[in-house]
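Here is how the chains run, residue by residue.
There are 2 protein chains.
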Amino acid sequence: MADRYMNLDTLRFILFEVLEGDKLNQYERFADYDRASVDILIDSVKAFADKELYPYFKEMDEKPAHFTDGQVLVHPQIKEIIAKGAELGLIGSGFEYEIGGMQLPTVYNYALVHILDCANNHATGYGGLTTGAANLIRVYGSDELKEKYIPKMIAGEWGGTMALTEPQAGSSLSDLTTEATPRDDGSYDISGQKIFISGGDHQFCDNFIHLTLARIKGAPAGTKGISLFVVPKKRIADDGSLQSNDVVTAADFPKMGQKGYCTTHLIYGENGNCQGWMVGDPNQGLKYMFRMMNEARISVGCGAASMATAAYYASLQYAKERPQGRKINRKGVKDVSSDPVLIIEHPDVRRMLLLQKSIVEGALSLILEASKLSDLHTVAEGTDSEEAHLLLELLTPIVKSYPAEMGKVSIDNGLQILGGYGFTEDFILQQYYRDIRITSLYEGTTGIQALDLLGRKVPMQNGAAMQLFAREVSKTIEEAKKLELRESASELTHRMEQVTETTGKLLQYAAAGEYDHFLADATVYLDFFSTFVVGWQWLKMACRAKEALLSGDGAFSTDFYESKLHTMRFYYKYELSKMTSLAEVLVDEQSLTVDSFRAEILG
Amino acid sequence: MADRYMNLDTLRFILFEVLEGDKLNQYERFADYDRASVDILIDSVKAFADKELYPYFKEMDEKPAHFTDGQVLVHPQIKEIIAKGAELGLIGSGFEYEIGGMQLPTVYNYALVHILDCANNHATGYGGLTTGAANLIRVYGSDELKEKYIPKMIAGEWGGTMALTEPQAGSSLSDLTTEATPRDDGSYDISGQKIFISGGDHQFCDNFIHLTLARIKGAPAGTKGISLFVVPKKRIADDGSLQSNDVVTAADFPKMGQKGYCTTHLIYGENGNCQGWMVGDPNQGLKYMFRMMNEARISVGCGAASMATAAYYASLQYAKERPQGRKINRKGVKDVSSDPVLIIEHPDVRRMLLLQKSIVEGALSLILEASKLSDLHTVAEGTDSEEAHLLLELLTPIVKSYPAEMGKVSIDNGLQILGGYGFTEDFILQQYYRDIRITSLYEGTTGIQALDLLGRKVPMQNGAAMQLFAREVSKTIEEAKKLELRESASELTHRMEQVTETTGKLLQYAAAGEYDHFLADATVYLDFFSTFVVGWQWLKMACRAKEALLSGDGAFSTDFYESKLHTMRFYYKYELSKMTSLAEVLVDEQSLTVDSFRAEILG
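Top line first, the protein sequences correspond to chains A and B.
Every letter in the first sequence is one number past the one before it in the working numbering, and letter 365, counting from 1, is 365.
Every letter in the second sequence is one number past the one before it in the working numbering, and letter 43, counting from 1, is 43.
No wet-lab data here; the hints were simulated from the structure.
Being a predicted model, the structure only gives us computed values, none of them experimental.
Hints should not be assumed to be uniformly reliable.
In this list, chains with the same sequence are indistinguishable; a pair is considered to hold if it fits within one copy or across any two.
In silico SDA-like cross-links for lysine to any residue, where the CA-CA straight-line distance does not exceed 25 Å [unchecked claim]: (1) K146 x Y97; (2) K146 x D184; (3) K63 x F427; (4) K505 x F427; (5) K23 x P167; (6) K327 x L602; (7) K573 x E584; (8) K234 x P167; (9) K578 x T500; (10) K482 x D32; (11) K327 x T503.
Starting from the given sequences, assemble the full structure and let the hints guide the process.
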């Protein structure tokens, strides 16, 4: 295990200097969150993560969650983590004071979740999903549901889940078949199966509250006939005691990574005795779920960026401690009589380190920006709120998929720095490598995110989100020009033109009704656009760093700010440049996966 | 487990139509290998792989090699595999008839190894490394060593290893410290430690013959003072009995993948009683080892390409069987009243399948081409032999690293096709995903291959290898033009110009003595050049496919040949295009990992 798993300075730099998060306290809901109080919160969560999460990270992989005798058993430390996390207010931290929350801005919530995810990504989901489930009840549920469930959930006594996926349907929610039959008492009989239910059952919560998508008998086909139900593992009797609600855990899926986090298979109503209570109105379930989806997707992106961050610091420590090989002299030879150098001296190792740094910090900046947009959407008014939402909608598929996809690449490079040791279980890199692979699949695969971006977000409201985005980018470019970052500003301008041209070209297919062509390379477009978005984030960070260097009164060291500028330049040279080739692919008119494709081609 | 793990037609197409391997029988050494006899060999090895290797693939992961009570235990099936593999002649298959070999051309050897690696990459190394070790004795050893060791090794009774790596030195062989002290009887006392010794010990061989690099007391520093020794686990007494040779297995490294293949830690001479016998002359050890390195590197590339091949077929089968989602109609909507389609109908899934196919078949073609060059180097005469060797030298780092690096990407796409199921241990994709990660590390990491390519192979003999390569590429381009593949030919011409220009620009740094700059982005150059080399392989395959379609008398179906053309076009659109961006990076003059780099930048 490495000495360090994240960087508090970088986190604070993004929160306070790049995003000016402390200005959020101008809104009444967030009035208590000045910089000092957030700093205390960050420090206390870091101390919690150091003590209760990080030391158990490897062990949770080695002693995975497992299903035995009809029961899911998870690592004993999960008990402490849930209890102390709840005590710190981390479950439902954004909820109103009156229902037990802290009214914490989302941007700070994700800053805290980032710390926890960096320390131990196997553990954070238990509280995170409980928050998500409770939040659905908070926003759409009746007062009765709220009173019955939320307090126990944010106390960590009861776990919560989001139960969407079914074996036959996967991401295709329109095909879900879990059935809800109205009962006389206003509740419903629930029957069906759900798979891949994270945190769905374990020995440390008294009850599990499954926010379950199901179809009321006779409801319309497809996604328009889906309703949302609270289905507890145990019903609450009138005397407050818990009794079985016929929700049976049939299995826990063994996985290649994130093994400490259970992934359950649930069967509802096998004995005709499973009761559910509807949340909100009938047939609105998917809409409710999707209003929450932005946050669920930020959360997956945050997990991925955090795993890659921790892996970065582990590989950096190795590079600073491991002597091996020698520098090449001016004659192109190595002097074998000299001592070996630390591997951080090798340009290729530096390249792999800078690549990681540029990915993980760029991703973190984007995640926190999106979180702040979510806050502004909630607390700002009028156009400010609308624009925040519009931009958040556009960025969400990228917030989810960039950290997942490029986080894989980042950790791959981290592992590579360790050479053969990286492949052995003696070192931690291989665990991050396995863990992160889930994040391209959770909450909509990368392909689904790509369709969301190009098929829905880019064209929505006649391209309003894209126009707004372009204005935001222009602001950053103008600022960079004033701060002597002229070269990077002009590079980003050029890349923005590439985005505009390429997007315009693709939209012509949509205009012509050729949707297959339009969307065939959506994943390539996602890669292309994401690379740009993170380039924009890097220019934002560079502006603040440059400003601090020019004024000389930044909160961090000169080295710190220079490191941001250097990493930005690295990203622009090695990563932003990928856009040229991706644009070539996107504007190429050959259609190899649509019209001219036949299955026989695959041999 | 999937029904199919490789494609015999593609293998035969490359062997006989692309490489015209059957013409090798014009050389006396290979006179027995006409097409019919090779076909029989292929079929018998496929039957062996079907029966003895593939069914145990998942189990070897679940019941890994492990160290217990001072002993390495491997899966029981390893016993069968070694015995039957030896019986089939697969250990030392290329050796002369008189010493028990089959004089099999290398190109066919790797065709067979490909089948085995596709079926079960955990099992093939045992025989493969035994062949490699025996081959060092065969080529450089005394008659006494040959007689004593080779027969038992190719019979599978004794295992062989290549013992290079030491804990403190890693890839930096100049720092190895294992010591050899001359004894009166002409042998040496050996003392030291070796790590990561694949196949180094297990319960199914009577003895292990470690081809060990060590330094004779007083030898020059660095790589010039390294000698090669045969160090058996057990010495052979005069009466033929085996007695302990003080080679102790200290551990087996638990790994994230390829778990059935043991990776041992050996301690030599802890009790001052370990004897070794020198192979060839003193201080020539590294030279000997490196003459064998081309084959060892082909072998790693073959392993990687094969894992990715098997993963491809597993994901293809899933895509053909799994219904999910619907096609978008001309109005951009999905008709939820229709049945779900098989996921192979989705363009994004097709893209992921074609990407895999283009990588794995391109890699296989390259590996077999390199193997054939190795044969020509051995059996041809004069310029033919020299040119084959020169081209092989240039291609070897790519043969090793392209399948490893792009194989990872390929399997990542395969896993993605399965959605959430891909991450679970119920499906095999996650095993391939973990297994392949070792191949970027084995036998010189990708960074080492990159330095070899740009620092050594490109400039060698004043660029002679590059010039020869360019001529070979031109031949393919000319042929493609004649075969109505004008567009692809002109694309490859354009890309060859990119290679020439970019390489020329980089060589200016070397000419100016700026070696750090010259080599700083060697890994990017490797990616750039490899992408081109595989593009060339695809045009070669396309030429043969087109020719067969035009003549109508090919050995395979029209679909088969069309699939090659389609995949070539896919590679050119989606993969070859990456070169544009990589060239941008390579010619960019900012030096971010050399002069302007300071460790503080990494935060």
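Hint check results:
no.	hint	verdict
1	K146 x Y97	within (14 Å within a copy, 82 Å between copies)
2	K146 x D184	within (22 Å within a copy, 88 Å between copies)
3	K63 x F427	both (16 Å within a copy, 21 Å between copies)
4	K505 x F427	neither (47 Å within a copy, 39 Å between copies)
5	K23 x P167	neither (46 Å within a copy, 53 Å between copies)
6	K327 x L602	between (47 Å within a copy, 20 Å between copies)
7	K573 x E584	both (18 Å within a copy, 8 Å between copies)
8	K234 x P167	within (24 Å within a copy, 55 Å between copies)
9	K578 x T500	both (16 Å within a copy, 20 Å between copies)
10	K482 x D32	neither (34 Å within a copy, 76 Å between copies)
11	K327 x T503	between (46 Å within a copy, 22 Å between copies)
In terms of the numbered hints stated before, the structure departs from hints 4, 5, 10, listed from lowest to highest.
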